[in-house]
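Peer 1: Sequence:
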Amino acid sequence: MDWQALWLTLQLGCWTTLLLLLLGLPLAYWLASGQSLGRTVCGLLITTPMLLPPTVLGFYLLLALGPRSPLGQAWQWCFGSTLPFSFPGLVTALVIANLPYAVRPFTAGFARVDRQLLESAWCLGASRWRTFWRISVPLASPGIVSGLVLVFAHTVGEFGVVLMVGGNLPGVTRTLAIAIYEDVQALDYSRAWSSSLLLLTVATTALAILQWAERRMQSR
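In terms of this note's numbering, the sequence shown opens at residue 18 and continues consecutively.
It should be emphasised that the hints constitute simulated quantities derived from the structure, not laboratory data.
For glycine and all other residues, C-beta sits at the position ideal for the given N, C-alpha and C.
One or more hints might be untrue.
[As the list claims (entries may be wrong)] So the derived label-pair ranges between C-beta atoms look like this: (1) L141 with Q28: 39 to 45 Å; (2) L38 with L88: 19 to 25 Å; (3) L38 with T72: 26 to 32 Å; (4) W150 with D205: 47 to 53 Å; (5) G97 with L38: 27 to 33 Å; (6) F176 with T221: 17 to 23 Å; (7) S207 with P71: 25 to 31 Å; (8) L186 with E136: 51 to 57 Å; (9) L62 with D131: 24 to 30 Å.
Please model the entire structure based on the sequences and the hints provided.
Peer 2: Okay, here's the thing in structure tokens:
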């Protein structure tokens with residue numbers, strides 16, 4: 018097994034999951050707070066990465082993060098390096114690619130929170146910030162857990178976006194999925210088997226956690 022690729026994959030999964038937790042919670046809360054044209058359009062845009070083939074999505078992300086794009090130019094001006102074929106660029110691409118896998122379960126969790134509980138807390142003098150953390154987030158926790166598990170599992174197994182945006186640079190962008198592909202190309206099936214078994218274990222664990230979260234949501 019390529020331990021360097023495994024360590025990089027775990028780092029990538031953790032960073033992507035953490036960033037989407039920070040970005041996805043307020044966005045999902047806003048989407049679940051009402052209905053409007055803006056929310057509908059935003060929801061459709063968030064869902065788009067799920068509908069595109071990974072290589073197509075990776076190609077568009079490569080263009081969006083390239084040195085000629087506004088984001089790529091801003092990054093190059095601040096840090097003196099380019100986003101494509103770098104670890105920060107790979108994290109950025111996977112945050113965008115996994116946005117629907119986080120926001121949609123988060124939104125479903127917040128939508129199940131009884132609005133009357135929030136209004137009662139506001140009437141009793143609780144701030145919106147305190148209500149969000151003390152009531153909304155705990156009650157929406159099964160949906161939040163589902164989203165985080167989906168993001169982590171999808172990130173560690175991603176191939177198309179990683180290959181298009183990050184390439185295959187050992188220690189920089191070479192993930193376990195890329196390493197498996199390289200092992201198969203080299204006819205090293207035993208090494209590919211051990212790496213694949215690890216990813217299968219991650220997927221099975223993620224499925225078990227998702228089923229638990231689903232039962233929790235149905236019981237509420």
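Peer 1: Is the hinted range of 17 to 23 Å satisfied by the C-beta distance from F176 to T221?
Peer 2: Check passed, 19 Å falls within 17 to 23 Å.
Peer 1: So does L62 sit 24 to 30 Å from D131, Cβ to Cβ?
Peer 2: Since L62 and D131 have Cβ atoms about 29 Å apart, the given range 24 to 30 Å holds.
Peer 1: That 47 to 53 Å hint for W150 and D205 (C-beta), does it hold up?
Peer 2: holds, 49 Å
Peer 1: The hint says 27 to 33 Å between G97 and L38; measuring C-beta to C-beta, is that right?
Peer 2: About 29 Å separates the Cβ atoms of G97 and L38, which means 27 to 33 Å holds.
Peer 1: Please test the hint of 19 to 25 Å on the beta carbon pair from L38 and L88.
Peer 2: holds, 21 Å
Peer 1: L186 and E136, beta-carbon distance inside 51 to 57 Å?
Peer 2: holds, 53 Å
Peer 1: Given a hinted range of 26 to 32 Å, is it respected by the beta-carbon distance of L38 and T72?
Peer 2: holds, 27 Å
Peer 1: Holds or violated: the 25 to 31 Å window for the beta-carbon distance between S207 and P71?
Peer 2: Holds, since S207 and P71 (Cβ atoms, about 27 Å apart) stay within the stated range.
Peer 1: Holds or violated: 39 to 45 Å for the Cβ distance of L141 and Q28?
Peer 2: holds, 43 Å
Of the hints listed earlier, there is not a single one the structure fails to meet.
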